Amino acid sequence: MDIFGQLLVNALMLGAIYALAAVAYTLVYGVIQLVNFAFGELFMLGAFICVSLMLPSVALFGWQAPMPALPFLVALPLAVVIVAGLGVVVERLAYRPLRNAPRLAPLIAAIAVSVLLQSVAQSIWGPEELRFPRFALGQLPPIVLFDTIYIRVMEIFVLVAAIASMIGLTLFVQYTRMGRAMRATAEDPTAARLVGIPVNRVIAMAFLIGSAFAALAGVLYAQTYSFAHPTMGFLPGLKALTAAVLGGIGSIPGAALGGMLLAFVETFAAGYLPNGAAWRDAVGFAILILVLAFRPQGILGRKELNEAPAGSLVGEQVAPRGLFAPVDRFFGWLGQGNTVLNIALACIAVALAFIITNDYWLRILVFVVTYGMLASGLNIVVGFTGLLDLGFVAFFAVGAYFTSILFVLVLRGRFGIDPADIWWLFYANLFLGGALAALIGALIGTPTLRLRGDYLAIMTLGFHEIIRIVATNWIDLTRGPMGIRGIPTPSLFGMPLMSPKYLYLLGLALSILVVFGIARLVRSYVGRAWVAIRENEVAAEAMGVPTARYKLLSYATGGFIGGLVGVFFAHSQQYISPLSFSLFENILILMLIVMGGLGTFIGPFLGALFWIVFLQVAQGMPLIQAHPELRYAALGLVLVLLMIYRPQGLAARARVSLMMSK
Amino acid sequence: MSVLLETRGLTVEFGGLFALKAVDLQVADGAIHGLIGPNGAGKSTMVNALTGLVPTSAGSMQLADRPLHGRPTWEIADAGIARTFQNIRNFAGMTVLENTLVGAHRHFRASFAALLRRSRAAREEEESQRARALEALHFVGLRGRDEQMATGLSYGHQRRLEIARALMLQPRLLLLDEPLAGMNAAEKDELADIIRAIRDRGITVLIIEHDMQIMRTLCDRLSVLHHGALLADGTPKEVFSNPLVQSAYLGQAA
Ligand SMILES: Nc1ncnc2c1ncn2[C@@H]1O[C@H](COP(=O)(O)OP(=O)(O)O)[C@@H](O)[C@H]1O
Ligand SMILES: [Mg+2]
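Residue numbers (the working numbering), protein chains in the order written: chain H, 1 to 662; chain R, 1 to 254.
Mixed in with the good hints, there may be bad ones.
[Claimed, not checked] Some but not every residue of chain R turned toward chain H, in silico, with C-beta under 10 Å: (1) A58; (2) W74; (3) F85.
[Claimed, not checked] If you want the ones that stay clear, here's a sample from chain R, every Cβ over 12 Å from chain H, calculated: (4) P38; (5) P72; (6) A92; (7) T95; (8) P236.
Since the hints were derived computationally from the structure, they do not count as laboratory data. Note that the structure is a prediction, hence the values are computed from the model and not measured. The C-beta atom is built at its ideal place from N, Cα and C for all residues, glycine as well.
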């Protein structure tokens with residue numbers, strides 16, 4: 001009884017916060033069918049701004065700035081208003097130019113904005129937690145129920161604030177002109193435009209209200225856990241999105257219901273399951289996957305999520321002009337798939353191993369090929385098949401953990417076998433790790449087959465989080481956050497390939513194999529089926545392409561490469577931990593492909609090369625030394641600009657032929 | 001004369017609106033069959049139902065004894081029904097030839113391993129389908145445009161590309177949803193000749209079109225849909241002299 005009552009109170013609190021943030025996702029989704037991943041960051045900004053306003057002074061960019069030290073009840077609405085305005089600015093600058101772009105473009109822009117905002121916040125407030133200051137309302141003595149349940153006054157405040165804003169929003173949507181216009185736009189945007197509804201203003205309004213809700217949720221969350229931090233919006237943002245999907249995205253009561261449901265499941269799982277606190281997030285995401293598999297429209301959802309095809313960012317073949325003309329001419333030439341040219345390119349890459357004698361730079365090249373291969377695998381799914389996959393890194397993790405557990409924990413730890421005696425197993429594991437990842441990909445993919453578009457992206461996200469949580473918490477299997485050390489370097493006939501030069505050459509050989517394999521699949525009826533799905537799923541199906549099967553095949557093929565690279569990564573780094581497989585890593589890889597050119601063979605490597613060289617160059621800049629996170633801000637900014645001005649990426653002209661060369 | 005396609009009591013409902021009401025349609029093997037009716041009569045819905053793109057709420061449909069209802073779209077395509085779309089749906093990021101080859105998907109047999117090895121069978125298969133695709137493009141009048149991007153084609157040529165792609169399936173029945181829309185008289189005549197040539201290759205055609213001048217001479221039989229119900233059925237002559245049909249069209253004009 002005692003713990004039950006307290007859990008009930010906690011679940012209600014968390015549910016109210018999730019519900020508020022879920023409204024943000026649902027509102028914007030309802031009006032423009034965009035999953036605005038940046039709400040997690042607006043949530044975080046709400047918290048930071050509120051805390052800053054309540055303090056007498058705050059360190060901004062490392063400078064102590066005077067602040068008004070407002071009371072909570074003044075700082076809260078002010079923070080909400082500021083963030084609401086910011087949300088509208090983001091919409092205007094980053095999303096409105098993409099209104100008529102292929103569906104993938106605004107989604108990627110949203111992810112980029114999210115990275116940008118998070119990095120900027122870290123620059124402003126620093127990477128440490130900012131403690132939530134004490135304030136009068138928070139200091140009132142708690143109310144005690146049944147002698148065991150403690151309810152703080154602030155908890156009542158949270159609940160009242162959440163309920164009041166929900167009711168306010170519902171009334172607004174029901175009874176005001178603007179609210180009705182929003183509903184009409186959600187029902188049918190084209191018709192809404194025809195009957196003269198100012199669609200742009202309606203969308204701006206959805207962002208305004210959505211951002212306000214996200215900020216309110218952020219402040220309440222920070223208050224509950226008494227801190228603000230640049231990454232604090234990430235997980236609650238995912239949870240809020242999950243809640244919105246559970247309840248039925250597009251539905252306001254659905255958001256409330258989904259938020260409460262998720263919070264209750266999580267809180268009670270944490271309270272009653274053995275070691276529940278570690279697994280609470282996994283339980284939440286498992287529920288998401290179950291609901292998506294059996295009732296994709298969610299509990300109260302009425303219509304299908306966005307079914308518009310992903311569309312190609314690759315397709316447009318504009319004549320080279322302007323800034324990118326030389327780049328275009330170069331890649332146009334490169335993209336002709338000339339054998340001589342390919343061999344020359346490979347020779348240059350091999351020659352680098354002998355030209356560069358500096359181990360440091362060779363190690364960097366190892367990273368370039370690792371990321372390039374990884375990005376090539378994801379490129380099959382996103383670039384060729386047009387499915388946004390936010391769970392790809394999980395395959396990478398599966399491969400890496402598979403080989404590490406086998407070599408270190410089982411063979412050496414249990415049986416005392418010296419890795420040098422079984423050097424060939426590494427090469428076998430490249431294949432086995434890939435196959436295992438592909439198998440898992442197929443298993444995970446199967447329930448998503450009925451899903452289209454955005455649901456799939458959300459599902460992969462849930463899958464990724466579960467794998468990450470398992471890697472962190474199943475300590476007996478993975479050694480948890482400590483990671484696995486002492487993974488043997490690859491060797492050839494017992495001769496360890498310890499030096500970066502050999503590792504690079506090995507990685508290069510694998511890269512050539514990977515690209516070669518992908519090219520052979522893409523330049524065949526399989527590749528044409530994939531691209532057809534990307535361009536128009538309905539037409540592909542009507543042409544006799546079993547689209548579900550080919551989507552699964554795409555996942556599994558990408559997963560195979562992810563697993564293979566995971567094996568290589570583990571052995572070349574000799575150490576792995578859950579940190580190498582964060583969602584951010586996934587987003588980074590995605591951004592690299594977009595930068596290099598989605599749906600090209602060279603793009604993933606190009607993106608990896610640019611990024612990793614940029615990281616090195618940036619290390620020499622004083623500004624970056626003081627604020628390393630600005631590198632990610634730059635990446636986010638470049639991506640938003642690319643989406644608007646050049647969605648095809650650098651290697652746009654390296655269009656891949658989808659036919660076997662004669 | 002045998003019946004190739006038959007629907008019985010085919011009904012499609014969109015949230016209370018009956019887009020098709022118990023339609024019994026028979027299309028004879030080897031015919032050019034016209035489907036006409038005012039805008040919103042349910043013609044496109046008929047084609048979408050036949051290809052499994054909208055769920056039917058009652059009734060049955062079969063292609064030469066093979067039941068189709070409840071089958072997924074790709075299976076229906078595999079069973080021998082190809083189609084074009086009222087609003088063109090070519091694959092934007094592909095060349096004309098690649099677009100056409102997607103229609104040949106069901107003829108490919110090569111396994112992953114064979115593709116990776118690029119086995120002889122895989123190469124021969126690709127080669128023979130490519131030859132067929134070039135022939136199909138030639139047939140619809142797109143000769144020499146195979147390397148071009150599909151989006152770069154003129155509107156009329158995009159429609160022809162859709163037909164070429166559909167022909168690659170080697171269908172028994174081809175459904176054409178307003179293939180002549182937006183074309184001038186000369187282009188329409190040209191395309192009508194292509195449609196006749198398709199029929200002469202043994203492919204049955206079901207065509208939706210508003211130009212009655214063309215339909216009168218092109219079609220062997222006509223069916224008229226009105227408010228989702230089958231209003232009349234017969235030779236063009238019979239149908240056009242049917243007072244019900246005249247009033248349906250006049251009613252729309254008024
Ligand atoms: N996906 C859909 N959802 C709801 N209503 C639809 C849908 N598709 C068609 N309709 C409705 O069904 C009716 C028939 O449409 P359609 O088959 O496109 O007519 P036609 O092709 O004869 O002009 C119209 O009233 C149309 O609004
Ligand atoms: Mg129509």
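Okay, the hints, checked on the actual structure:
| no. | hint | verdict |
| --- | --- | --- |
| 1 | A58 | 22 Å, violated |
| 2 | W74 | 5 Å, holds |
| 3 | F85 | 7 Å, holds |
| 4 | P38 | 21 Å, holds |
| 5 | P72 | 7 Å, violated |
| 6 | A92 | 4 Å, violated |
| 7 | T95 | 8 Å, violated |
| 8 | P236 | 28 Å, holds |
When the structure is compared with the earlier hints, violations turn up for hints 1, 5, 6 and 7 and for no others.
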